[in-house]
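Peer 1: Please work from the sequences and hints to get the whole structure.
As they're listed, the protein sequences go chains A and B.
Mapping of the first sequence onto my numbering: position 289 corresponds to residue 289, and the numbering continues sequentially without gaps.
Mapping of the second sequence onto my numbering: position 220 corresponds to residue 1220, and the numbering continues sequentially without gaps.
It is worth saying that the hints were derived from the structure and are not from the lab.
Since we're looking at a predicted model, the values are computed, not measured.
Worth double-checking, as some hints may not be accurate.
[Said to hold, decoys possible] Each computed DSS-like pair below joins lysine-lysine, with the alpha-carbon atoms no more than 30 angstroms apart:
id : chain 1 : residue 1 : chain 2 : residue 2
1  : A       : Lys195    : B       : Lys1157
2  : A       : Lys202    : B       : Lys1158
3  : A       : Lys195    : A       : Lys90
[Claimed, not checked] Footprint (simulated), chain B over chain A, 3 or more residues, beta carbon under 8 angstroms:
id : stretch
4  : 119-132
5  : 197-204
6  : 230-242
7  : 269-282
8  : 303-315
9  : 318-326
[Claimed, not checked] Over the 10 angstroms line for every Cβ pair with chain A, so calculated as not near, a few chain B residues:
id : residue
10 : Pro1031
11 : Ile1033
12 : Lys1049
13 : Gly1054
14 : Gln1065
15 : Ala1068
16 : Arg1071
17 : Glu1111
18 : Pro1133
19 : Glu1155
20 : Glu1166
21 : Glu1170
22 : Pro1190
23 : Pro1215
Cβ coordinates follow ideal geometry from the N, Cα and C atoms, glycine included.
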Amino acid sequence: MNAKPRVWVFVEQEEGQAHPVSWELLGKAGELARDLEGVLEAVVLGHGVEEVAREAIAYGAERVYLIDDPVLAYYRNQPYAHGVVQLCRKYHPEILLLGATTLGRDLAGSIATSLETGLTADVTGLEIDPESKNLIMTRPAFGGNIMASILCPDHRPQMSTVRPRTFPLPPRDPSRQGEIVREELGLSEDEVRVKRVDFIPKDKTVNLEYAEVIVSGGRGLGGPEGFDLLRELARLLGGEVGASRAVVDAGWISYEHQVGQTGKTVRPKVYLACGISGAIQHRVGMQNSDVIIAINTDPEAPIFRIADLGIVGDLYQVIPALIEAVKREKGHE
Amino acid sequence: MNILVSIKQVPDTTNIRINPETGTLIREGVPSIVNPYDVHALALAGALKRRYGGRITVITMGPPQADAALREAVEYGADRVVLLSDRKFAGADTLATSYTLAETIKYLAREAPFDLYLFGKQAIDGDTAQVGPGVATRLGVPLITYAVRVECFPEEKKIRVHRKTERGLEVLEASFPVLITCDREVAEPPFAPLSALIQAQTIQPEVFTAEGPVPFERDRLGLKGSPTRVHRVFTPELKSPGERLLVSEVGVEEAVRRILEILRRKGVLTA
Ligand SMILES: Cc1cc2nc3c(=O)[nH]c(=O)nc-3n(C[C@H](O)[C@H](O)[C@H](O)COP(=O)(O)OP(=O)(O)OC[C@H]3O[C@@H](n4cnc5c(N)ncnc54)[C@H](O)[C@@H]3O)c2cc1C
Ligand SMILES: Nc1ncnc2c1ncn2[C@@H]1O[C@H](COP(=O)(O)O)[C@@H](O)[C@H]1O
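Peer 2: Structure representation (C-alpha cells):
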C-alpha cells in the first residue's frame, strides 16, 4: 500500500467537456498535496473520456483513476456515486474535492453519506493545519457575516465542495507525464433506476463566472432601464452584466446575473460596480476580481473599502461618458 | 399517493446572531419561517394530493418552537406532522441530520410505504443542499435534485421530473419511490382554504425524541454523530482599499480617463 496520503479531485465532465472548476481544484489540491507530502490524483468518470483524463494530468494530477463505461454517458447520481464510492473504498483518499456545481453538489452529498464522512459546502479557503495535518476548510456562514473554519478530524476522506472561480486556474502543461489507472464500474444499466428521456439545452447562458469583464449594477440604477446602459458598456468591452441581489429580487434582471453569496462567485480582470453599496454578501462573490472599480454617490458605501479605484459620483454622469470614450478608443479616433 | 415532506424552520432575517464561543447560531429571539424552498415542496405535495388523493406526512427536526412550521404545513394539507425535538439532536451537521431524518422516515414507512419524498433544494441558513442527497442515499431510493416540474403517473407508479442544470433542462423518469429536492418553480403555494385552516387548529404535532419511538443509535445523533467540527469563527478581512476620486472635485473627464487607464492596462480594451 502507498503510504503517501492521496489528495483527490473529482473531475466533472459532461459530453467530454470538463468543467474548468476541476482544474482550479487541481491547482489548489496540488498545494495541499505538497503540504501533506502526498500525491495529487484525479478521478474521472464518463464514457469515452480518456482525453479528459489526459487533461487532468496536464493540470497536475500524478495519477488518474478512470472509469469509462456506457452507463456513465450522462450524469446520474446513482452510477456516479457508486463509482466514486467504490474508488474511495479501494484507495482511501485523505481528501476529496468537488466543484460546487449542480452536478458536484448532487454527487458530493451522496458520496459523503455512503462513506459516513463529513462534507463542507462552498468553501472559500483550504489549507493544511501544520500540526495535526488536518484540512482546514473555511466558508462563509450565517449570511456571510462571519467566516467559519471547519475540520473533519476523525473521518476520511475530508470532503468539500468549492465554487467555480474560488481558486485560480493553474498552468496547463501538456508535456507532463502521469499514470492512468482504469477501473470497472460494476453496475449495469438495468440496475440504474433513473432514465433521461430528454435534454433541452439553454439557448444563451450568461457566462458570468468566466467573464473577463463584468459591469455590475445595483439599486443605484434606479430602475430596470438602467441596465440598458450597462449592457451597452459590457458589450463594448466584451463582458457580461452582473447584478446585486436587491435588483434581482426587484425583478430588474434575471437571477443568472446575480453576484454574491447566493449568486455567482466571479473573478474577472475588471469588475465595475455601479450603484452597488457593497454588502458583505455581495463582496464575497466578487472580492477576488483582479481590479475592482466602484461608482457610487455615497462616499461611505462599503464597496469603497475593497475598490482599487473608487469613484464618488453619479453613475448616470460617469457611465455615458465612459461609453463614449470607449467607443472613441475602439474606433481609434 | 403517500407523500413525505421534510421541512426545516430557518431564521428569517439578516439580523442573525452567533454564539462566539461555540460558533453556532443563536436561534432564540430570531423570527423564524419555513425554509422558502420547503414551502414550494409543501405546495407540490398539496397539489398532488388534491389531484390524485392520498396522504401527506410532514417531518421537521428542530427546537420545540419548530412546531410552528408544522402548523403551517397542515394549512397546506398535511395529514400527519411529526416534530423531532431533543437536545440529543442538537448540533447535528448534515450527516447526523440525514441519519436522524432517514431513520424516522423508515419508522414512519412501516405503516405504509411512501411513494414520494419531497425536500427543498437547500436550506437558506446553511445553503448546503446536502441533506436531501444524504437521505436518499440512506434510504436507497433514486435522487432527483433541483426539480422545477414534477408530473406523476400514479397508476404506473412512475414520475417524470424536469430539473434545472447549468446547461439546460433535463427530463428524467423513474419509478416510485423517488426523493426529489424542489426549486421554487415546482408549485406555487395557494392561499390556504378555510377548511385546511380549521384543520390546522385540530391536528397536533407528534413529538419524537431520541428516546423513541424511533430506535436510534445514540452515537449517530446530534453533535456526537457529526464528523465536522467548527474550528474557529472570524470576521472576514477586507483587502486594503485603493484610491478614491470625487467626481465633484476632479470632474467626469478625469474619472473616465482613470477608468480607461485600467481597462487598457488589463488588456480589455482591444479594438
Ligand atoms: C443570506 C443573504 C444572502 C445574500 N446574498 C446576496 C448575494 O448573493 N448578492 C448580493 O448582491 N446581495 C446579497 N444579499 C443582499 C445584500 O445584503 C444587500 O442587501 C444587497 O447586495 C444590496 O444591493 P444594492 O447594493 O444593489 O442596494 P443598496 O444597498 O440599496 O445600494 C444601492 C447603492 O447605490 C448607490 N447609488 C444610488 N444612486 C446612485 C447613482 N445615481 N450613482 C451611483 N450610485 C448610486 C447608493 O449610494 C447605494 O450605495 C444577501 C443577503 C442575505 C441576508
Ligand atoms: N432539520 C431538518 N429537518 C427537516 N428537514 C430538513 C432539516 N434540515 C434540512 N432539511 C431538508 O433538507 C433540505 C436541504 O437542506 P440543507 O442540506 O441543509 O441545505 C431542506 O430544504 C429540507 O427539506
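Peer 1: Hint by hint, say whether it matches the structure.
Peer 2: Results for each hint:
For the suggested pair A:Lys195 and B:Lys1157, the alpha carbons sit about 15 angstroms apart, so the restraint of at most 30 angstroms is met. Restraint check: the Cα-Cα separation between A:Lys202 and B:Lys1158 comes to about 26 angstroms, which is no more than 30 angstroms; the hinted pair holds. With a C-alpha separation of about 28 angstroms, the suggested pair A:Lys195 and A:Lys90 falls inside the 30 angstroms cut-off, and the hint holds. Interface restraint, the stretch 119-132 of chain A with chain B: holds (4 residues with C-beta to C-beta distance below 8 angstroms; minimum three).
Coverage of the stretch 197-204 of chain A by chain B holds. Counting CB-CB distances below 8 angstroms, 6 residues qualify, and the rule asks for three or more. Check on the stretch 230-242 of chain A: 3 of its residues sit with their Cβ under 8 angstroms from a Cβ of chain B, so the three-residue criterion for coverage holds. Taking a C-beta to C-beta cut-off of 8 angstroms, the stretch 269-282 of chain A contributes 4 residues in contact with chain B, enough for the three needed, and the coverage statement holds. Look at the stretch 303-315 of chain A against chain B: 11 of its residues bring a Cβ nearer than 8 angstroms to a Cβ of that chain, three or more, so the hint holds.
With a threshold of 8 angstroms between beta carbons, the proposed coverage of the stretch 318-326 of chain A by chain B holds, since 5 of its residues qualify and at least three are required. The non-interface label for B:Pro1031 is consistent with chain A: the shortest C-beta to C-beta separation is roughly 14 angstroms, beyond 10 angstroms. No beta-carbon of chain A is positioned within 10 angstroms of the beta-carbon of B:Ile1033; the least distance is around 14 angstroms. For B:Lys1049, the requirement that its beta carbon stay farther than 10 angstroms from each beta carbon of chain A is met, with the minimum near 24 angstroms.
Distance check on B:Gly1054: its Cβ is at least 22 angstroms (rounded) from any Cβ of chain A, clearing the 10 angstroms threshold; non-interface status holds. No Cβ of chain A approaches the Cβ of B:Gln1065 within 10 angstroms, the least distance being about 19 angstroms, so the stated non-interface status holds. Every beta carbon of chain A lies more than 10 angstroms from that of B:Ala1068, the smallest distance being close to 21 angstroms; the non-interface claim holds. Under the 10 angstroms C-beta cut-off, the non-interface status given to B:Arg1071 relative to chain A holds; the minimum distance is some 26 angstroms.
Remark: the non-interface label on B:Glu1111 is consistent with the geometry, its nearest Cβ contact in chain A lying 24 angstroms away (cut-off 10 angstroms). With a least CB separation of 3 angstroms from chain A, B:Pro1133 falls inside the 10 angstroms interface cut-off, contrary to its annotation. Distance check on B:Glu1155: its Cβ is at least 18 angstroms (rounded) from any Cβ of chain A, clearing the 10 angstroms threshold; non-interface status holds. Its beta-carbon lying about 6 angstroms from the closest one in chain A, B:Glu1166 breaks the requirement of being farther than 10 angstroms from that chain.
Residue placement check: B:Glu1170 does not keep its beta carbon more than 10 angstroms from all beta carbons of chain A (closest about 5 angstroms). Remark: the non-interface label on B:Pro1190 is consistent with the geometry, its nearest Cβ contact in chain A lying 22 angstroms away (cut-off 10 angstroms). Separation of B:Pro1215 from chain A is adequate, the least Cβ-Cβ distance of about 19 angstroms exceeding the 10 angstroms criterion.
Against the hints set out earlier in the document, violations occur for numbers 18, 20 and 21.
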